[in-house]
Amino acid sequence: MTEGTYPYVMGGVSSWCNLLVESLAEFDWQVLPIVAPDGRPRTFALPAHAEEVARIEVWSEELPKRGRGRSAARRSGVDLPSILVRHLLGWEGNTDAVVSAWVWCRRHPAGVRRAFRSARGWAAFLAGLREVLAERVPEAGTPPTLDMVEAATLYQTLYWVARTAAVPTPQTDVLHVTAAGWAAIPSLVHKALHGTPMVLTEHGVYVREAYLAAARNGDSPGSRFAATRLARGLARAAYAGADVIAPVTDANAYWELGLGIDPGKILVLYNGLQPPAEPTPPPRTQTVVSVGRLDPLKDAHTMLRVAAETVGYMPSAQFLHYGPVPRGEEVYGRSCVALHQRLGLRDRFRFMGPTGDPNGVVRASDVVLMTSISEGLPMAILEAMGQARPVVSTGVGGVPEVVRGCGLVCPPGDDHGLSMAVLMLLRNPDLAWRLGRRGHSRLGRLFNESACLEGYRELLQTLAGNATERAVPALGLTA
Amino acid sequence: MTGATLDAREAGLVVEARLGRAPQDMLEAAVVLEAWAGVPAQAALAAARTMMPPVAAAPQRSVGRLPRPRNQEGVLLDGAAFVVTVIAIACWAAPLGSSVGVAVVEHALMLALPLTLALQWALGSRFLDRPHGVAQLADHRGTLILGAVAVLVLPSLAFGLGGTLAGLLTITWTGGTLLMRRRWPAVYVLAILLATVAMVADAEALAVVGVTAAVTTFAVVAALWSSVPPVRRSLGRWERAVMAGAIGVGLGLMLILDRTVSWTDGAVPALALLPSAVAGFWGGYHLRHLDQAIPSALSGVPVGVANARGLGRAPVRVLLETLGRFLLLCGALSATLLSLTPWLGDSARGAGVLVGFAVLALASMLVGLLESMGRGRWALLAVGVAAGAEAAIRFTGADPFPGAGLVVAGTLCVVLVLPAVLGLLRRPARTLATALWIP
Chain A
1 MTEGTYPYVM
11 GGVSSWCNLL
21 VESLAEFDWQ
31 VLPIVAPDGR
41 PRTFALPAHA
51 EEVARIEVWS
61 EELPKRGRGR
71 SAARRSGVDL
81 PSILVRHLLG
91 WEGNTDAVVS
101 AWVWCRRHPA
111 GVRRAFRSAR
121 GWAAFLAGLR
131 EVLAERVPEA
141 GTPPTLDMVE
151 AATLYQTLYW
161 VARTAAVPTP
171 QTDVLHVTAA
181 GWAAIPSLVH
191 KALHGTPMVL
201 TEHGVYVREA
211 YLAAARNGDS
221 PGSRFAATRL
231 ARGLARAAYA
241 GADVIAPVTD
251 ANAYWELGLG
261 IDPGKILVLY
271 NGLQPPAEPT
281 PPPRTQTVVS
291 VGRLDPLKDA
301 HTMLRVAAET
311 VGYMPSAQFL
321 HYGPVPRGEE
331 VYGRSCVALH
341 QRLGLRDRFR
351 FMGPTGDPNG
361 VVRASDVVLM
371 TSISEGLPMA
381 ILEAMGQARP
391 VVSTGVGGVP
401 EVVRGCGLVC
411 PPGDDHGLSM
421 AVLMLLRNPD
431 LAWRLGRRGH
441 SRLGRLFNES
451 ACLEGYRELL
461 QTLAGNATER
471 AVPALGLTA
Chain B
1 MTGATLDARE
11 AGLVVEARLG
21 RAPQDMLEAA
31 VVLEAWAGVP
41 AQAALAAART
51 MMPPVAAAPQ
61 RSVGRLPRPR
71 NQEGVLLDGA
81 AFVVTVIAIA
91 CWAAPLGSSV
101 GVAVVEHALM
111 LALPLTLALQ
121 WALGSRFLDR
131 PHGVAQLADH
141 RGTLILGAVA
151 VLVLPSLAFG
161 LGGTLAGLLT
171 ITWTGGTLLM
181 RRRWPAVYVL
191 AILLATVAMV
201 ADAEALAVVG
211 VTAAVTTFAV
221 VAALWSSVPP
231 VRRSLGRWER
241 AVMAGAIGVG
251 LGLMLILDRT
261 VSWTDGAVPA
271 LALLPSAVAG
281 FWGGYHLRHL
291 DQAIPSALSG
301 VPVGVANARG
311 LGRAPVRVLL
321 ETLGRFLLLC
331 GALSATLLSL
341 TPWLGDSARG
351 AGVLVGFAVL
361 ALASMLVGLL
371 ESMGRGRWAL
381 LAVGVAAGAE
391 AAIRFTGADP
401 FPGAGLVVAG
411 TLCVVLVLPA
421 VLGLLRRPAR
431 TLATALWIP
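Protein chains in written order, with the numbering used here: chain A, 1 to 479; chain B, 1 to 439.
Just to be clear, a hint being listed does not mean it is correct.
[To be verified] Below, a sample of chain A positions facing chain B; criterion: calculated Cβ distance under 10 Å:
#1 V149
#2 R232
#3 R350
#4 F351
#5 I373
[Unchecked claim] Here are the computed distance ranges between Cβ atoms for each label pair:
#6 B:L66 / A:V137: 46 to 54 Å
#7 A:V137 / B:S299: 53 to 61 Å
#8 B:T143 / A:D38: 14 to 22 Å
#9 A:M314 / B:L66: 44 to 52 Å
#10 A:D38 / B:W225: 20 to 28 Å
#11 B:A150 / A:Q274: 32 to 40 Å
#12 A:S316 / B:T143: 56 to 64 Å
#13 B:G300 / A:E139: 43 to 51 Å
#14 A:E62 / B:I145: 45 to 53 Å
#15 B:R288 / A:E139: 24 to 32 Å
#16 B:L154 / A:E62: 28 to 36 Å
#17 B:V149 / A:P326: 50 to 58 Å
#18 A:A123 / B:V149: 50 to 58 Å
FYI, nobody ran anything at the bench for these hints, they're computed from the structure. Computed from a predicted structure; not experimentally measured. We put the CB at the ideal spot given by N, CA and C, even for glycine.
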């Protein structure tokens with residue numbers, strides 16, 4: 001189960017999915033992506049042993065197929081919005097109640113829309129929302145008072161949560177979810193119905209990224225509250241339901257532990273790359289390359305300021321950024337262009353657009369720069385290490401543990417520190433080459449592709465072997 | 001600065017400095033400490049827990065962001081183009097009657113009007129009323145051309161020359177709608193005006209209509225060819241488009257079932273449509289304010305007072321203003337037209353028909369509003385009942401005055417639809433949440 005990534009969108013998570021699906025050919029893969037209804041074509045071709053079994057389009061107008069027991073569903077479904085708001089948004093919401101409600105959605109797909117379009121469903125939702133807003137838990141802060149527009153927006157979002165739960169899933173031996181959010185919903189229902197084991201891989205920490213997005217986008221307190229509490233509710237349900245949680249880095253594991261997960265469930269499986277046998281030396285052209293989406297999480301503004309300061313000391317330095325402006329971040333993309341002009345960077349910093357050859361562009365650099373404020377275990381850094389290029393990066397997520405001894409790490413947003421680190425490496429190409437080679441060697445030892453694949457092969461085989469049918473749990477919503 | 005050296009007070013200061021406010025909860029505080037202060041996750045979570053105040057603060061009042069208003073640029077231009085084309089097409093009746101016979105034109109119009117309305121409503125529901133819907137229609141150019149061929153061939157096979165004329169008129173009018181929505185009204189207006197000039201100059205009327213339909217079709221293909229949607233969004237549901245098409249058929253039937261209205265009596269019937277059509281267009285334009293009026297009425301209203309009275313005042317006011325504008329403009333234009341008695345013939349006859357068209361236009365506007373608020377079934381039922389009543393009057397011959405069928409059907413439709421519309425507007429929160437945002 002994927003969410004906004006494989007096989008439709010290019011990016012680190014998608015590349016990882018593609019690697020797994022293509023390389024673990026002994027498994028039959030059934031891909032169930034959650035996507036926006038934008039008619040986007042697939043970016044990745046699926047191999048013969050993989051198929052896309054369905055495509056969940058959220059915020060489309062398509063109706064679900066009719067379920068059984070329509071009149072019964074009408075009676076029992078009116079509590080659905082109320083259960084979802086109380087247990088997904090409540091600080092101490094009951095994840096079992098959420099999963100039971102989702103199971104009801106799966107059994108009565110047509111009842112979901114009916115429940116949410118009914119006056120009683122709306123009234124029950126408002127009552128549930130008032131309960132949530134009245135909660136007073138010290139660590140949860142005081143919930144803001146949402147207005148009716150925010151309440152209606154949340155209601156619509158919960159409708160799509162319920163619609164996602166209603167989508168049928170195929171019979172399978174193991175469920176593999178790639179984010180502790182929307183992608184987990186169909187899996188949790190499937191698990192509740194069939195007892196199928198579930199693996200959750202977290203590249204970034206879903207909750208952390210939702211909070212970061214909410215903190216930076218300047219939304220109203222009510223919208224921020226709704227978005228973050230929903231993300232937290234989805235993540236809690238995913239963590240509770242997963243048999244194994246496989247973060248890609250120890251840093252993510254610390255977050256997951258901090259969110260109250262049983263440590264016994266956590267198995268860190270690093271991402272990996274296949275490094276070339278013998279790396280080529282850097283071009284020594286004072287070229288700094290960065291690869292990634294132009295997205296606030298990547299903090300491209302800091303990157304531009306780093307470039308400006310570096311060029312101030314070393315006018316021959318050249319910065320090349322490869323990566324697209326993702327859909328929905330066009331305003332941020334324009335702000336980057338505006339800052340580029342304001343800093344007078346001209347051709348010293350060039351936005352090169354997306355690349356289909358990340359290894360090639362990294363190979364043509366002397367230093368690889370990353371300024372993200374949130375990361376798991378970024379592929380861009382592994383690619384730099386694979387090409388024996390030193391990394392200058394912000395110390396977020398799993399970055400410090402990855403680049404230990406083969407790059408320089410600064411606090412997020414520290415453009416001066418990052419710039420000094422870049423300068424030091426550009427002025428000392430021998431040191432840069434030495435660090436690069438150490439990175440190359442470290443990648444081969446710790447973050448290599450075969451170790452990553454072997455870890456997943458073993459995990460999936462174990463879970464598939466252990467899969468047993470379980471009794472269907474008692475449900476809060478009855479037919 | 002590292003997590004190890006941060007105490008709760010320092011952590012709190014860092015977080016507030018970064019956010020410009022107190023954190024929403026400990027998770028937000030932890031995220032900020034990690035992302036912007038470089039504090040490792042474990043330390044950030046621990047520091048965040050300790051910095052949250054033990055006593056609850058007063059809840060902050062939130063005001064949600066309103067949806068962006070729809071772009072209405074060019075709508076008035078479209079309206080002007082619409083008026084010009086109605087007047088021009090009104091001038092076609094006489095030359096067409098002379099060319100192919102009055103009965104053939106009568107039959108053609110009785111077929112073309114419901115068919116055109118059905119296509120316009122269905123296309124509107126699935127494509128045209130949606131953001132970038134016209135551009136997305138470009139993906140269906142082949143289907144559109146096949147549809148145009150079917151609209152021409154099938155009625156021709158079934159009804160002969162009348163069917164051919166009906167097909168050509170349907171293609172022209174429906175194509176005109178597409179061109180206006182694509183913001184190419186000038187092309188359509190030019191084609192219609194040239195056709196009118198040719199007809200007045202005694203050119204073969206049927207051939208002129210054929211050429212106009214062909215030109216319109218090519219213009220539509222060219223217009224769609226040159227449009228690329230910036231973002232592909234989901235289209236309207238087929239079921240809903242079919243229902244909208246059925247509503248269009250019903251409204252078309254209401255338009256033609258009144259046997260006292262002759263569509264071939266020169267330009268008179270088409271001109272009699274003008275006051276109600278123009279007023280309906282203006283009213284419909286004003287109704288677009290509901291897009292903003294409904295959420296605005298709810299903005300800043302805390303969920304705790306959801307049942308507060310008076311929330312529906314603003315949306316209902318928009319409806320009343322719309323009705324007022326409609327009645328005012330329709331009345332003024334109708335009176336002007338009536339004063340041109342020699343054109344309309346008997347003034348009493350003209351008055352009945354004008355009132356009938358006015359009520360029908362009002363019904364169409366309200367039916368459209370109800371359908372757009374997700375109550376298509378009720379709208380279809382109302383249109384069906386009204387068309388049925390008009391059919392009964394037609395076949396029993398019980399029309400006490402000219403235009404009585406139109407008046408009765410339109411009034412019945414308004415009576416059935418208006419309470420439902422008012423009911424939805426008086427409860428804007430429920431309508432927004434359960435009908436508008438859950439299609």
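Here is what the structure says about each hint:
no. : hint                        : in the structure
1   : V149                        : holds, 4 Å
2   : R232                        : holds, 7 Å
3   : R350                        : violated, 25 Å
4   : F351                        : violated, 20 Å
5   : I373                        : holds, 4 Å
6   : B:L66 / A:V137: 46 to 54 Å  : violated, 31 Å
7   : A:V137 / B:S299: 53 to 61 Å : violated, 28 Å
8   : B:T143 / A:D38: 14 to 22 Å  : holds, 21 Å
9   : A:M314 / B:L66: 44 to 52 Å  : holds, 49 Å
10  : A:D38 / B:W225: 20 to 28 Å  : holds, 21 Å
11  : B:A150 / A:Q274: 32 to 40 Å : violated, 57 Å
12  : A:S316 / B:T143: 56 to 64 Å : holds, 58 Å
13  : B:G300 / A:E139: 43 to 51 Å : violated, 29 Å
14  : A:E62 / B:I145: 45 to 53 Å  : violated, 26 Å
15  : B:R288 / A:E139: 24 to 32 Å : violated, 46 Å
16  : B:L154 / A:E62: 28 to 36 Å  : holds, 30 Å
17  : B:V149 / A:P326: 50 to 58 Å : violated, 42 Å
18  : A:A123 / B:V149: 50 to 58 Å : holds, 51 Å
Checked against the numbered hints listed earlier, the structure breaks hints 3, 4, 6, 7, 11, 13, 14, 15, 17; every other hint is satisfied.
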